[in-house]
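Spelled out, the chains give:
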Amino acid sequence: MLDSKIPSGPLSEKWTEHKGHCKLINPANKRKFEVLVVGTGLAGASAAASLAELGYNVKAFCVQDSPRRAHSIAAQGGINAAKNYQNDGDSVWRLFYDTIKGGDYRSREANVHRLAEVSVNIIDQCVAQGVPFARDYGGLLDNRSFGGAQVSRTFYARGQTGQQLLLGAYSALSKEINRGAVEMYARREMMDLVVVDGKARGIVCRNLVTGKIESYAGDAVLLCTGGYGNVFYLSTNAMNSNVTAAWRCHRKGAYFANPCYTQIHPTCIPVSGDHQSKLTLMSESLRNDGRVWVPKNKGDKRPASQIPENERDYYLERKYPSFGNLVPRDVASRNAKQVCDEGRGVGDTGLAVYLDFRDSIQRLGADTISARYGNLFQMYERITGEDPYSVPMRIFPAIHYTMGGLWVDYNLMSNLEGLHVLGEANFSDHGANRLGASALMQGLADGYFVIPYTLGIYLAGATLPEVDETHDAFKEAVDSVQKATKKLLGINGSRTVDDFHKRLGRMVWDNIGMSRNKEGLNDVLQKIPKLREEFWSDVRITGSGEQLNAELEKAGRVADFLELGELMAQDALARTESCGGHFREESKTEEDEAKRDDENFCFVSAWEYTATGKKAKLHKEKLTFENVELTQRSYK
Amino acid sequence: MSSKAMNLTLKVWRQTGPNETGKLATYELQGVSPDMSFLEMIDMLNARLIQEREDPIAFDHDCREGICGMCSMVINGTPHGPEKATTTCQLHMRKFSDGDTIVIEPFRADAFPVIKDLSVDRSAFDRVIQAGGYVSVKTGGSPDANATPIPKKVADEAFEAAACIGCGACVAGCKNASAMLFVSAKVSQLALLPQGQSEAATRVINMVSKMDEEGFGNCTNTEVCEAVCPKEISVRNIARMNREYLKATVLSED
Ligand SMILES: Cc1cc2nc3c(=O)[nH]c(=O)nc-3n(C[C@H](O)[C@H](O)[C@H](O)COP(=O)(O)OP(=O)(O)OC[C@H]3O[C@@H](n4cnc5c(N)ncnc54)[C@H](O)[C@@H]3O)c2cc1C
Ligand code: FES
Numbered sequence: 001m002l003d004s005k006i007p008s009g010p011l012s013e014k015w016t017e018h019k020g021h022c023k024l025i026n027p028a029n030k031r032k033f034e035v036l037v038v039g040t041g042l043a044g045a046s047a048a049a050s051l052a053e054l055g056y057n058v059k060a061f062c063v064q065d066s067p068r069r070a071h072s073i074a075a076q077g078g079i080n081a082a083k084n085y086q087n088d089g090d091s092v093w094r095l096f097y098d099t100i101k102g103g104d105y106r107s108r109e110a111n112v113h114r115l116a117e118v119s120v121n122i123i124d125q126c127v128a129q130g131v132p133f134a135r136d137y138g139g140l141l142d143n144r145s146f147g148g149a150q151v152s153r154t155f156y157a158r159g160q161t162g163q164q165l166l167l168g169a170y171s172a173l174s175k176e177i178n179r180g181a182v183e184m185y186a187r188r189e190m191m192d193l194v195v196v197d198g199k200a201r202g203i204v205c206r207n208l209v210t211g212k213i214e215s216y217a218g219d220a221v222l223l224c225t226g227g228y229g230n231v232f233y234l235s236t237n238a239m240n241s242n243v244t245a246a247w248r249c250h251r252k253g254a255y256f257a258n259p260c261y262t263q264i265h266p267t268c269i270p271v272s273g274d275h276q277s278k279l280t281l282m283s284e285s286l287r288n289d290g291r292v293w294v295p296k297n298k299g300d301k302r303p304a305s306q307i308p309e310n311e312r313d314y315y316l317e318r319k320y321p322s323f324g325n326l327v328p329r330d331v332a333s334r335n336a337k338q339v340c341d342e343g344r345g346v347g348d349t350g351l352a353v354y355l356d357f358r359d360s361i362q363r364l365g366a367d368t369i370s371a372r373y374g375n376l377f378q379m380y381e382r383i384t385g386e387d388p389y390s391v392p393m394r395i396f397p398a399i400h401y402t403m404g405g406l407w408v409d410y411n412l413m414s415n416l417e418g419l420h421v422l423g424e425a426n427f428s429d430h431g432a433n434r435l436g437a438s439a440l441m442q443g444l445a446d447g448y449f450v451i452p453y454t455l456g457i458y459l460a461g462a463t464l465p466e467v468d469e470t471h472d473a474f475k476e477a478v479d480s481v482q483k484a485t486k487k488l489l490g491i492n493g494s495r496t497v498d499d500f501h502k503r504l505g506r507m508v509w510d511n512i513g514m515s516r517n518k519e520g521l522n523d524v525l526q527k528i529p530k531l532r533e534e535f536w537s538d539v540r541i542t543g544s545g546e547q548l549n550a551e552l553e554k555a556g557r558v559a560d561f562l563e564l565g566e567l568m569a570q571d572a573l574a575r576t577e578s579c580g581g582h583f584r585e586e587s588k589t590e591e592d593e594a595k596r597d598d599e600n601f602c603f604v605s606a607w608e609y610t611a612t613g614k615k616a617k618l619h620k621e622k623l624t625f626e627n628v629e630l631t632q633r634s635y636k
Numbered sequence: 637m638s639s640k641a642m643n644l645t646l647k648v649w650r651q652t653g654p655n656e657t658g659k660l661a662t663y664e665l666q667g668v669s670p671d672m673s674f675l676e677m678i679d680m681l682n683a684r685l686i687q688e689r690e691d692p693i694a695f696d697h698d699c700r701e702g703i704c705g706m707c708s709m710v711i712n713g714t715p716h717g718p719e720k721a722t723t724t725c726q727l728h729m730r731k732f733s734d735g736d737t738i739v740i741e742p743f744r745a746d747a748f749p750v751i752k753d754l755s756v757d758r759s760a761f762d763r764v765i766q767a768g769g770y771v772s773v774k775t776g777g778s779p780d781a782n783a784t785p786i787p788k789k790v791a792d793e794a795f796e797a798a799a800c801i802g803c804g805a806c807v808a809g810c811k812n813a814s815a816m817l818f819v820s821a822k823v824s825q826l827a828l829l830p831q832g833q834s835e836a837a838t839r840v841i842n843m844v845s846k847m848d849e850e851g852f853g854n855c856t857n858t859e860v861c862e863a864v865c866p867k868e869i870s871v872r873n874i875a876r877m878n879r880e881y882l883k884a885t886v887l888s889e890d
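Those protein sequences? They're chains Z and S, same order as listed.
For the first sequence, the positions run 1 to 636 when the working numbering is used.
For the second sequence, the positions run 637 to 890 when the working numbering is used.
Just so you know, these hints were derived from the structure itself, not from any lab.
Backbone N, C-alpha and C define an ideal beta-carbon position, used for all residues, glycine too.
Possibly wrong hints are sitting among the right ones.
[As the list claims (entries may be wrong)] Examples of chain Z residues toward chain S, derived with CB under 7 angstroms: (1) R68; (2) G139; (3) N178; (4) L618; (5) H619.
Using the sequences and the accompanying hints, generate a full structural model.
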């Protein structure tokens, strides 16, 4: 059993007590510690800035040409916080409870409670930085309610909340770069973790412009490299999102937890053809005013406007009267798949359902709708060529977020000492399903308010002998990265990297997507290793390793996805229960809802890497619930 | 909804490295679907180049939904192409016609050196922000977020300025390669908000001097920057920055 190091004491006092009793490092000594922050999205930028303010020496790394462009920038809908500004009964407890329940009782009580506690500080912090959140006419902050919540606790900045929060964190980071407290290394891709005496002591990166393999030594490594949704090829993630950094850490000994917990988002623009390179999400805040429906009759191909009211099936409102269109993402997604499987899907492909604003435009006026969703409507029209003010939107689910990630304890440290994991890259707070507007909250909670305390606990207690870039461990790591690069460039096969990525994505979507079953999982466990073999003998990468080479970058990432896919299937196969986003067809209630098996599966699966193509080894962390009662989720 | 596939002639800027001379190379591309995005069309060309064992075209991109500011192509002479308020990645091929010739070049400016083909170095923008594009608050200890009400109108205006994605189209479109729109958007956002007040004077002075140091040109009020901005950032921000600058320099004299 893994030790999550959850502090003792009553739930609501754990974090305060823990902070109050952790060892402190004297300010003069903080300067002596070198902290490597890999990834500068919300989690990484907020951590790098906050640690630099405290006096640590920070080096930060990102793939893009600037930290301002991290994938976090694309988040639209909002960020949750238990401020209860709307006086509608919200509280830290309620946010905690909703998150635990939304996660289908597969997350840690203590982590989630801490998240809910610090959520209120995040909003204060962001406003102080000049983040222009939406405000009401009285000049106070406005809130909206978001998928799965019955209170209005979501703060937003039009449809660009992620952008504004990231620019806030980026500004804090820029301030520290200017002070000389953070050294920023953009266009760098972490290729390996360097472990010395069982502790994470550095990283090896590829300079994406020169191709040079660079070494950086430090006293702790913070991995803030985001999620692995791009294993599906088509996803709502940015094109550069990858699992490489996390996977290389996994290969060096860090456990990968719950890889099969992935989230499918219900409101994406449907696929239009084979050329498609990514999917576009539209914020699910749209479900606040849009009504989801399909024709009652199979194969009804009439345009929406010609389908009379009594021949429309508002299936979410019908099946879930109290939550209606606002049911959690997994429920909304699975229901969309179901009606499409029944042959009631709309559009050319039949793989879409309507999201209709007709009624709310009548009720509130087009101006109000435009003020709320103007930019989303515009985005939709640009991509599809259709005007959602007059024709209902067509939507379909797409992979969007990954709850799984590297295993961490309460202090956000992985089983590999010194390696800390923040944001979407860790597994910690969302259980088997994440609630809308909670990823931004978690990323910033980890970076601004958790790691500044918990990193100190590690550094104050660890024995860290002097290690620099000349250490043999760095030479070995550089060597192995160079060898792998050479190998990839030398294959000179016949197929492009994208070709392999697309095929892998299809396998993952079909078998480890919205619903999973034993047969499909066993099948894909045969297929992925074969595809991986083919990749390593038939991929073609042109150009050299000594310059900007996007194909080489993609190849390294796809090679890792080809290993991760197999682990996802292994995890999904082993977990024979359904929970949250992990829907095993063999385990469902009479209402077709995910049916948990608390007796046998109330644990975190943390997988230890053994060798490529070999079964990973399972470690369990038992989940105990002392404050909430486990119930069958029901949104009826 | 897809109508007929198109055949296009593409003239693309190819440059192997920062210190090499580049030139336009011509490619004929068949079977382009009108539903493709512009970048998917480039993906298609690149897949073919790889099949032909040629070096694919290097270009920057990430979100492909118009928000990260990474994509950066000058299309037929206009940064991000013909469609108003649209980034390269959000431009769709249905805006072009069968038989069209499309010229594709990088965002050009002295302050944005070419790295390879269509990819340029825009780190000068980061350095301008580092010179002062922030409120100097540390993590923790901030007052309650509702302690200072901000009139909705002011908050909305600050948001409009903050919506800049830092792509650099304003610089690439300007004949002087001026960065005034970019810099003024950040200066305005923070000048409008009460949180930004205490550092307003030093901020504008430091950011403007950094901007000059990085080699961006002067503003001669052509307003091309606003016309090509995918987020429609207004040139009123430039006027506001000029006022802020004047205020700051006058104040610092006494
Ligand atoms: C379209 C969309 C909309 C969303 N909307 C919402 C929302 O409304 N509310 C909400 O709460 N959540 C939302 N989410 C989820 C949320 O945006 C993400 O979970 C969150 O932003 C992740 O932040 P992060 O800091 O962990 O990682 P990211 O923002 O993904 O940052 C990863 C960082 O790591 C770097 N990196 C990656 N790999 C490497 C490597 N190998 N070497 C070096 N650096 C590397 C990258 O350059 C980047 O800086 C949305 C997600 C999507 C896809
Ligand atoms: S790729 Fe992000 S704005 Fe175009």
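Of all the hints numbered above, which does this structure not satisfy? Sort the numbers upward. As far as the earlier hints go, 4 and 5 are violated by this structure, in ascending order.
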